[in-house]
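S.K.: Mind docking these for me? Both chains are given alone in their own frames, and the hints should help you get the complex.
Chain order of the listed sequences is P and H.
Numbering of the first sequence is given in this note's numbering, commencing with residue 1 and proceeding in unit increments.
Numbering of the second sequence is given in this note's numbering, commencing with residue 1 and proceeding in unit increments.
Just so you know, the hints here were simulated from the structure itself, not pulled from any lab data.
Possibly wrong hints are sitting among the right ones.
What the hints assert, rightly or not - Take a look, some chain P residues computed to stay more than 12 Å from chain H by CB distance: (1) Gly153; (2) Thr170; (3) Arg494.
Stated by the list, open to error - Now the in silico label distances, taken between C-beta atoms and shown as ranges: (4) P:Leu42 x H:Glu163: 37 to 45 Å; (5) P:Gly375 x H:Leu166: 55 to 63 Å; (6) P:Ala517 x H:Asp129: 24 to 32 Å; (7) P:Pro553 x H:Gly146: 42 to 50 Å; (8) H:Arg153 x P:Leu42: 39 to 47 Å.
Where a beta carbon is used, it is the ideal one built from N, C-alpha and C, also for glycine.
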Amino acid sequence: MIPPDEPRGFRSAASEEAWEERLFDTSLEDALGKSTAPDLALRVVRALEGTSGGPAPAAPAAAAAARRRPTPFAQGAFVGVAAAALLWISIVALTRSNSPQMAAPVVLQPGGVRHRHNGAWTQHTAVTPFRFLLSSGDRLQSAPSESASLLLGDLGLLRLEEASEIEVLTMQWKDFGAGAVLGSVTVGVLAGGLTWYSSDSSSVKVRAGETQVLSSADSASAGSAALREQLEQAKARIRELEARPVSAPPGAQRTSEPDLAAAAQAAPAPASRPSSKLQFSVPELEKTLASIDWSVMGEKSSQMIDLMKKLAEAIANGEEPPLGLLGELQAANGFLVKEAEKMVKGGMPGEGPNGCFTHPLVTSNLMAAIFEQSGTPLSAEQMAQIGELAKRYSHEDALRVANYAEGTPRLQIILEELALKARFHRDAFGALSADQRSLLSPSATQGRIGFDLMGPGIAWNQFVKPVMGADRAQVSSSIVSSLDSQLSMSADQRGKIEAIVSKWTQQFPDSQWNTQAGPLDYARAFPTERAQIAATLQLEMMREILGTGLLDPKQTATLTKFPAVFVPFLK
Amino acid sequence: MQTQPIDVAALVRRHQEALWRYLRYLGCSAAEAEDLAQETFLAVLRAPFEDRGPEAVSAYLRTAARRLLIRSRERARVPISLEELDVADAVWSRMAGEDAGKSQIEALRGCIEKLDERGKRAITLFYRDDSSRVAIGELLGMSEDGVKSLLRRARVALRACVERSLGR
Numbered sequence: 001m002i003p004p005d006e007p008r009g010f011r012s013a014a015s016e017e018a019w020e021e022r023l024f025d026t027s028l029e030d031a032l033g034k035s036t037a038p039d040l041a042l043r044v045v046r047a048l049e050g051t052s053g054g055p056a057p058a059a060p061a062a063a064a065a066a067r068r069r070p071t072p073f074a075q076g077a078f079v080g081v082a083a084a085a086l087l088w089i090s091i092v093a094l095t096r097s098n099s100p101q102m103a104a105p106v107v108l109q110p111g112g113v114r115h116r117h118n119g120a121w122t123q124h125t126a127v128t129p130f131r132f133l134l135s136s137g138d139r140l141q142s143a144p145s146e147s148a149s150l151l152l153g154d155l156g157l158l159r160l161e162e163a164s165e166i167e168v169l170t171m172q173w174k175d176f177g178a179g180a181v182l183g184s185v186t187v188g189v190l191a192g193g194l195t196w197y198s199s200d201s202s203s204v205k206v207r208a209g210e211t212q213v214l215s216s217a218d219s220a221s222a223g224s225a226a227l228r229e230q231l232e233q234a235k236a237r238i239r240e241l242e243a244r245p246v247s248a249p250p251g252a253q254r255t256s257e258p259d260l261a262a263a264a265q266a267a268p269a270p271a272s273r274p275s276s277k278l279q280f281s282v283p284e285l286e287k288t289l290a291s292i293d294w295s296v297m298g299e300k301s302s303q304m305i306d307l308m309k310k311l312a313e314a315i316a317n318g319e320e321p322p323l324g325l326l327g328e329l330q331a332a333n334g335f336l337v338k339e340a341e342k343m344v345k346g347g348m349p350g351e352g353p354n355g356c357f358t359h360p361l362v363t364s365n366l367m368a369a370i371f372e373q374s375g376t377p378l379s380a381e382q383m384a385q386i387g388e389l390a391k392r393y394s395h396e397d398a399l400r401v402a403n404y405a406e407g408t409p410r411l412q413i414i415l416e417e418l419a420l421k422a423r424f425h426r427d428a429f430g431a432l433s434a435d436q437r438s439l440l441s442p443s444a445t446q447g448r449i450g451f452d453l454m455g456p457g458i459a460w461n462q463f464v465k466p467v468m469g470a471d472r473a474q475v476s477s478s479i480v481s482s483l484d485s486q487l488s489m490s491a492d493q494r495g496k497i498e499a500i501v502s503k504w505t506q507q508f509p510d511s512q513w514n515t516q517a518g519p520l521d522y523a524r525a526f527p528t529e530r531a532q533i534a535a536t537l538q539l540e541m542m543r544e545i546l547g548t549g550l551l552d553p554k555q556t557a558t559l560t561k562f563p564a565v566f567v568p569f570l571k
Numbered sequence: 001m002q003t004q005p006i007d008v009a010a011l012v013r014r015h016q017e018a019l020w021r022y023l024r025y026l027g028c029s030a031a032e033a034e035d036l037a038q039e040t041f042l043a044v045l046r047a048p049f050e051d052r053g054p055e056a057v058s059a060y061l062r063t064a065a066r067r068l069l070i071r072s073r074e075r076a077r078v079p080i081s082l083e084e085l086d087v088a089d090a091v092w093s094r095m096a097g098e099d100a101g102k103s104q105i106e107a108l109r110g111c112i113e114k115l116d117e118r119g120k121r122a123i124t125l126f127y128r129d130d131s132s133r134v135a136i137g138e139l140l141g142m143s144e145d146g147v148k149s150l151l152r153r154a155r156v157a158l159r160a161c162v163e164r165s166l167g168r
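This is chain H alone, in the form it adopts within the complex (with noise of 0.2 Å):
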């Protein structure tokens, strides 16, 4: 049970941008993923907390998130395999680690300006733009099969850039 008042401002500032990552991991949009990260606030806030340390609320937060949004899913007919989320989770601990992803961010931030001009176009058109790849190939002058080629160059490039950078 509670033993003492609980800063709810600042417990939300330090688990929400980890609780939204994790949900829009999970197959949700940026918008979709602020709801039910809000609802999840609620949800766990109203009943009675303790706080057990950033790991265990972090934790709890997302066994909530995910319960909602398995609800969510629920409701619009579009049900989520529960086997698939353990698998999920289970990444999501073993990859994000402590920090839910930030270190992999930040080293991404860093890789993505090692790209030559044109990977770093694709990728920033494809993965910040939502552009196509017709688009994206209309706008570098290649093909749809050439800005695909590219676009798994580059993104192999970053991920051995991101493992390089994280050490591992």
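If we strip away everything but chain P, and leave its shape as in the complex, we get (with noise of 0.2 Å):
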């Protein structure tokens, strides 16, 4: 079974010849050494220590935490939550039970809250009190400045503290035969902390590491009379809240992001949307991503394709391109490298600028953004599907960041995170109609380096440096000038490598050398498969270089972090 150039994921085979065609898929893939399976034993032995007597089940975020991949995003507030994050597993493991699966109401006082539900972070933000479920495996996080105030039924107050996060455990119900009421939440305190005020006037502060039974004592014991009328006050204010009729309720629920089945419960139909805002992240990320205002995103993308367009044809027909058209392309692009520049500095991983801003998650959201400004909002199913690949692609993406080691060439690094990026855009462009797909990437730029804004070609322009000769040779005496120029090489390495180079020149394929450069390629416009060609023939030639032990250790660095990507064209 060869299924070249279609997602090679999950693919529905019902037959058993296609399972099996796809087992000898797998074991060729490992023959290769595509990927080599991981060693987990620390992992969990780490997470199951202190826990092996508990018959609790296992939660996928307890997984999660007791992961000990190095992270890119390990940085400010996520590091306090991930060290928290190692002690939580073994409260969860001891303290959760089988408590049915009910939600309970809760009430947030006028502030933000992060909730996170089924897998998904829902970002709460409340004018005034604003109601939502709460169910056992939920989590509830604070913002790193603010604390949150949330009414948990007649059992009392819960107040976060800042930079907070919290996880129920469990909830313990009442049954009266016609119903049950909430009897008890217990809560793990993952980073922070919190101070539960109970409806008995009493009150306790739970630490990071500690569980919290937060209940209603029943006692009639004296207690504080103030915290009760607190108490009263907001249930009678919700009360009057929820008699209103329903409408739009002021600083209304902004779903950060949409975990797909919750988003298919709770999202209004799209093209309800009021506007465009953030729809795929992971928590890694979402500070980075909830900072950037997508809505001018998708607009001024929408604006860069448009022009891009005009650009690259004006071009191909060999017209001079009109002045005002730059200016707007300035304009437009001033806005997006702005935005890069957040992405940049908020930790998004990728190679550059360019990298960043072609990372999974920017390109999901953005090609959200412009079909919602275009008018014609991507449906439910684009929506899990494209969520679904983004998430899946930023996790691989992650992995394949913290794998690898110190002395990993830099252009394998690049060709590794263009591949990747190349798989996500042909799956995620695989999701959308061909007029969605025009709408994003118009044939007159499609596939071309610095003008395809939604697809890898983007990131392939910082690194390309095209280098322009009469013949194989001529590109290879360029090439050897061009690195000694960087490695300042004596006579006989100089020599040893030239020969290396010109065999490089000499691999090039004859079908690119023979493409006559058109006015695209001149303006630097050409398809990312010739770089892509180029990158991969040059990782072997300079690991070839590497390997002759031909290098002192500084040139060997030099070599090793070079970024640039000669793509050769014939005079």
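M.R.: In structure tokens form, the structure reads like this:
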């Protein structure tokens, strides 16, 4: 079964023969060393430390928390969260019980809190008390510099300190025959701390790593009348708000990361979405992605796509690009550059600004924003597909980045990053109709380096270095000179490296050599395929040079970090 | 119920490769398979666990992994057909055998070496490097259709070679 150029992930395979083929494919990939099985032993042992007697089911969150791969995102507030997460695992396993999966209404007091349900985070922001449902396994996270207060039914008031995170471990319900009421909620504090003011007036502070049963002691002990009054006032206010006709509440819920299942339940029909917003995210990049103005990004990118198309057409026709067009381009691009800068500063993975800009989560959000701007938003099914792809590829990308060794050639990193993005691009575009694909990537710019805003060509643009020559020997000579300017080679080194470079130019496919450079090629807008071929061969060449032992440590380090991709062209 | 302490690390190391490969066979990327394999071990080992021997544990782990995969796909709204998974499991049990396909992989390594240079390069670029047919064609000086034929021929040759090596 050879299904080239189709998504190589999960495909429907109903027959035994198809599964046999797939098994063979998997074995072939393993035999070729495409990827190697991970060693999970240490991670699993650490996650289980102290929990061996616990009969509780595992939570995916615990598995995620137990993961100890280095990640490029572990910075700022997340460091604290990650550290506490390791303590968290034992708490979860020891205290989680098989309570029924019922949801309890809670009321967010004015302010904001992030809420994770079924693995997806939602930002709740309220200017008046705002009600939502909380279930076992859910998490709540307060903002880094703002506390959050929540009323838990009749039980009491929960105040999360700033930069805190808790998980709901269990909920106990009191069965009254005709129905059930919430009896208590057990929470574990993952980061920061909380204060629980129960309705019997007692209060307790709980720190990271501890658990607390949030319940209302039914005792009639003397307590704080003031607190009871506060609770009663809050409840009265909620009743008043709930009695109002349903309308869009002020400070309405803003969905920051559409979990695919949660989005399906809660998201309004695409056509009724009020404005472009962050659609796809992962917790590690949420802050950075949320800092981007996706509405304007969609608008400016739509403009850019159209302007680039006009520019490409003008260049291909041998026309002088109108100055007005270039001015518009510069204005639209200026905005995108500023947003890309935010991505770089916010730690979005990727080689250079364009690498950040082409991250799967950025591309997917941009796609959603562009279609919304065009008045033809993605369907719920497309949103789900693209969201799933974005998360999957983002995760794969994080693993890729985390697994590089110190001496990995930068060119290899660039190639692998762009190969991953090409696969994401292929799969994400596969979820679109032909018209939609054409809107994002018009034929005039499709697959063109620097011109195809929605493809990896934008990222390639940072690294390609066209090398012109009358023949292979001349190109080879130019490349050696270029390397020499970086490595300051001795005559002996130069002679040996010349031979290796010459071999590289000989390997460059005839079909590429013989393609006459057109006006777009001269504008550096050649097909990404050409850059990929050149880079693949160049990496082999660089490995050969590094493997000769000719270079001293400084030269080795320079060549290892060398990012330029020589793309040969015949004059 | 558990009757004696389990050497968790040894148990994980014994089964992780097979479990990871099984999940990839079911369509997970390497990263997703890694995550699900880890979740599977945690889920299984947090519950009362009895080591009834490698074969039983392996089957139990696959069942747990399969359940987690189904749940993950349902959350992502790309559900997997249970009937297809049943077929997949039957094929896995029959083809991968007790060693989870290790012998097939070993045989494949030897067979790949027996391919001619062009076939070996095409297979490597396609299956290891995720290169497209077009890109492979450019590198090998062939048309896209030519690459497709080359890959098909190489694959048929590999299958035949593996069958011979394994004495099937």
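S.K.: Which hint numbers does the structure go against, in order from smallest to largest?
M.R.: Of the numbered hints, all hold.
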